[in-house]
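Student: Each chain is listed here by its residues.
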Amino acid sequence: QKEVEQNSGPLSVPEGAIASLNCTYSDRVSQSFFWYRQYSGKSPELIMSIYSNGDKEDGRFTAQLNKASQYVSLLIRDSQPSDSATYLCAVGENTGFQKLVFGTGTRLLVSP
Amino acid sequence: GAVVSQHPSRVICKSGTSVKIECRSLDFQATTMFWYRQFPKQSLMLMATSNEGSKATYEQGVEKDKFLINHASLTLSTLTVTSAHPEDSSFYICSASPTGGETQYFGPGTRLLVL
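As they're listed, the protein sequences go chains E and R. Read in order, the letters of the first sequence are residues 1 to 112 in the working numbering. Read in order, the letters of the second sequence are residues 113 to 227 in the working numbering.
With the rest of the complex left out, here is chain E (with noise of 0.2 Å):
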């Protein structure tokens, strides 16, 4: 069974702080990654998507992926407050019919 894990967190910075947030997955053959935000009692919103290894960067938002050790992370610089949700990691199922397969999320907390 395909598996993402995730640490349940929470994860807590200060504001001001780089956070960082780590994902693993059990396919090998996996071919694509997102992170996505969800703010507590609404749906997810995507952040970032990343299909080769090393590194992609979208203002404050950076994900690294390293297919090897089959981890992706994201980092968010400058963390803010408003930054504080628990944060999905999705990875493609690789199967044709576009599944993704979630982790449980890691809830980061930005104090002010």
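Hints in this document: simulated from the structure, not taken from any laboratory. Heads up, the beta-carbon is just placed ideally off N, CA and C, and yes, glycines get one too. Hints should not be assumed to be uniformly reliable.
To be verified - Where chain R lies over chain E, by a calculated footprint (3+ residues, C-beta under 8 Å):
1. 45–58
2. 100–112
To be verified - Here are the simulated SDA-like cross-link-like pairs (lysine to any residue), alpha carbons at most 20 Å apart as the crow flies:
3. E:K42 <-> R:P220
4. E:K42 <-> R:F203
5. R:K153 <-> E:E5
6. E:K42 <-> R:R149
As the list claims (entries may be wrong) - The following residues of chain E were derived to be distant from chain R, with all beta-carbon distances above 12 Å:
7. A17
8. N22
9. R77
10. D78
Add chain R to chain E, keeping to what the hints say.
Tutor: Below, chain R alone, put in the same frame as chain E:
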């Protein structure tokens, strides 16, 4: 771009009634849409994959006769919770993938409360 809407956002109904939830992709065509359920403080649970013009594929343990899915066009999928009971109360969220793509864009969700 990539906006997905859901209607209604919130519904309260009596036990035994049926509730229909609509999911629309507003600015793209979606061959595939997905229906999730999320209970408080729990993770997303995929219920079914909805493909335009064909039968939905349900995840293990999800009753297809209770959760009816219709994906009649490239921009609309509906989920009908038939004979709803209090244990069906949950947050129902749909997502849609642009045709040929894998990224899922989520709707705002529908909060269902069955009394």
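Student: Evaluate each hint against the coordinates.
Tutor: Consistency of the hints with the structure:
1. 45–58: holds (count 3)
2. 100–112: holds (count 5)
3. E:K42 <-> R:P220: holds (7 Å)
4. E:K42 <-> R:F203: holds (9 Å)
5. R:K153 <-> E:E5: Within the cut-off at roughly 17 Å; holds.
6. E:K42 <-> R:R149: Judged against 20 Å, a Cα distance of about 12 Å means the pair holds.
7. A17: Given a closest Cβ separation of 26 Å, the condition holds.
8. N22: Fine: 17 Å to the nearest Cβ keeps N22 (chain E) off the interface.
9. R77: holds (23 Å)
10. D78: Given that every Cβ of chain R is farther than 12 Å from that of D78 (chain E), nearest at about 26 Å, it holds.
Hint compliance for this structure: no hint is broken.
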